[in-house]
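Asker: Let's have the full structure, built from the sequences with the hints guiding it.
Under my numbering, think of the first position of the sequence shown as 160, with each following residue one higher.
I should point out that these hints are in silico values taken from the structure, not numbers from a laboratory. One thing to keep in mind: the hints can contain errors.
[As the list claims (entries may be wrong)] Derived pair list, reagent style DSSO-like, types lysine-lysine, alpha-carbon separation capped at 30 Å:
hint: 1; residue 1: Lys430; residue 2: Lys371
hint: 2; residue 1: Lys407; residue 2: Lys201
hint: 3; residue 1: Lys185; residue 2: Lys215
hint: 4; residue 1: Lys301; residue 2: Lys407
hint: 5; residue 1: Lys185; residue 2: Lys471
hint: 6; residue 1: Lys379; residue 2: Lys275
hint: 7; residue 1: Lys354; residue 2: Lys301
hint: 8; residue 1: Lys255; residue 2: Lys214
hint: 9; residue 1: Lys255; residue 2: Lys379
hint: 10; residue 1: Lys275; residue 2: Lys371
hint: 11; residue 1: Lys255; residue 2: Lys430
hint: 12; residue 1: Lys209; residue 2: Lys185
hint: 13; residue 1: Lys440; residue 2: Lys471
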Amino acid sequence: MPTLLLAEHDNKSLKDATNKALTAAKALGAEVHVLVAGQQCKAVADAAAKLDGVKKVLLADAAPYQHMLAEPTAALIVSLAQPYETIMAAATTSGKNIMPRVAALLDVMQISDVTKVVAADTFERPIYAGNAIQTVRSGDPKKVITVRTAAFQATGEAGTAAPVEAAAAAADPGLSGFVGEELSKSERPELTSAKIIVSGGRAMQSRENFTKYIEPLADKLGAGVGASRAAVDAGYAPNDWQVGQTGKVVAPELYVAVGISGAIQHLAGMKDSKVIVAINKDEDAPIFQVADYGLVADLYQAVPELTEALGKLGK
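Answerer: Below you can see the structure in the form of structure tokens.
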């Protein structure tokens, strides 16, 4: 039986999380169909159809799906679920919001944050803030899964495009409605897709210090800006910068941790980074146990020196 993958998008372009979740879906060994639910999102469906391994794209283009609200999107997925053995989505904000409702409506257990596909019914996922890996075998007739995208490489395009078919809209449960949104705009790359991330911790001491020290370094590196939960809770950084167990899970090529002690909750969100650089004046900070390169120094001296040195290299 085929696998149904829910696409992540903004009605204009396909998000990188979909490409990574597709890699996990293909590992199941079954035919993969991609569901694009939105409004005026034909371009997204066409992009999904070009991905390697996609056999069919289902396009549900209707007003209730414009903002991917959980209730109408879950109802749509359930209406299409009959021929599918596995239903997957990336473990993003949207995926975590929609898929538990799908599992509840289908009366099955959800398998969350899958990091490895062992077999069609067996998966690995982290538990205890990533300190242990659990192997789960599901006996449910339908499997509802969210994928930790940091654990998978993105799937590229294929030579030929898959067919795009229209999917009928399901009845809207009417349990929620879209009121408005405030989107943060930045020229920096999005955290979950950034190749380089510079993060600050509670040692930054203020929002002004993030602006003065972290952001210039990130701009020199062309990096995204992150923060520990302690920094976010203290009001030094906005919520969408948070990296960690209760924030975003990232795996960039380079992760620079500035003034971050390395609590397990933060490590759970970034320890899969290819190269980790830590700057901290406490030589016993746990972050140094996972860092590839560590600098024991006062960040208020070391970070400006590093930013200046990078500036000279760029000239």
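Asker: Would you check the hint for Lys440 and Lys471, treating anything up to 30 Å between C-alpha atoms as holding?
Answerer: holds, 25 Å
Asker: Tell me if the straight-line CA distance from Lys407 to Lys201 falls inside 30 Å.
Answerer: holds, 28 Å
Asker: Next pair to validate is Lys379 with Lys275; report whether the Cα-Cα distance is within 30 Å.
Answerer: Not satisfied, since the Cα-Cα distance of roughly 35 Å exceeds 30 Å.
Asker: Decide if the proposed pair is consistent with the structure: Lys185 and Lys215, CA atoms, cutoff 30 Å inclusive.
Answerer: Since the Cα atoms of Lys185 and Lys215 sit roughly 13 Å apart, the hinted pair holds (cutoff 30 Å).
Asker: Does Lys214 lie within 30 Å of Lys255 when you go C-alpha to C-alpha?
Answerer: holds, 25 Å
Asker: Lys354 and Lys301 were given as a pair; does the straight-line alpha-carbon distance stay at or below 30 Å?
Answerer: Violated, at roughly 35 Å.
Asker: Holds or violated: Lys301 with Lys407, Cα cutoff 30 Å?
Answerer: Status holds; Cα separation ~28 Å.
Asker: Under the criterion that the straight-line Cα-Cα distance not exceed 30 Å, is the pair Lys255, Lys379 satisfied?
Answerer: violated, 33 Å
Asker: Taking only the CA atoms, is the gap from Lys185 to Lys471 under or equal to 30 Å?
Answerer: Distance ~45 Å between Lys185 and Lys471 Cα, so the pair is violated.
Asker: Keeping to a limit of 30 Å between CA atoms, is the pair of Lys275 and Lys371 held or broken?
Answerer: Roughly 40 Å between the alpha carbons, so the hint for Lys275 and Lys371 is violated.
Asker: CA of Lys209 to CA of Lys185, is that 30 Å or under?
Answerer: holds, 15 Å
Asker: Could you grab the alpha-carbon distance between Lys255 and Lys430 and see if it respects the 30 Å cut-off?
Answerer: This hinted pair holds, its Cα atoms lying about 21 Å apart.
Checked against the numbered hints above, the structure breaks hints 5, 6, 7, 9, 10 and satisfies the rest.
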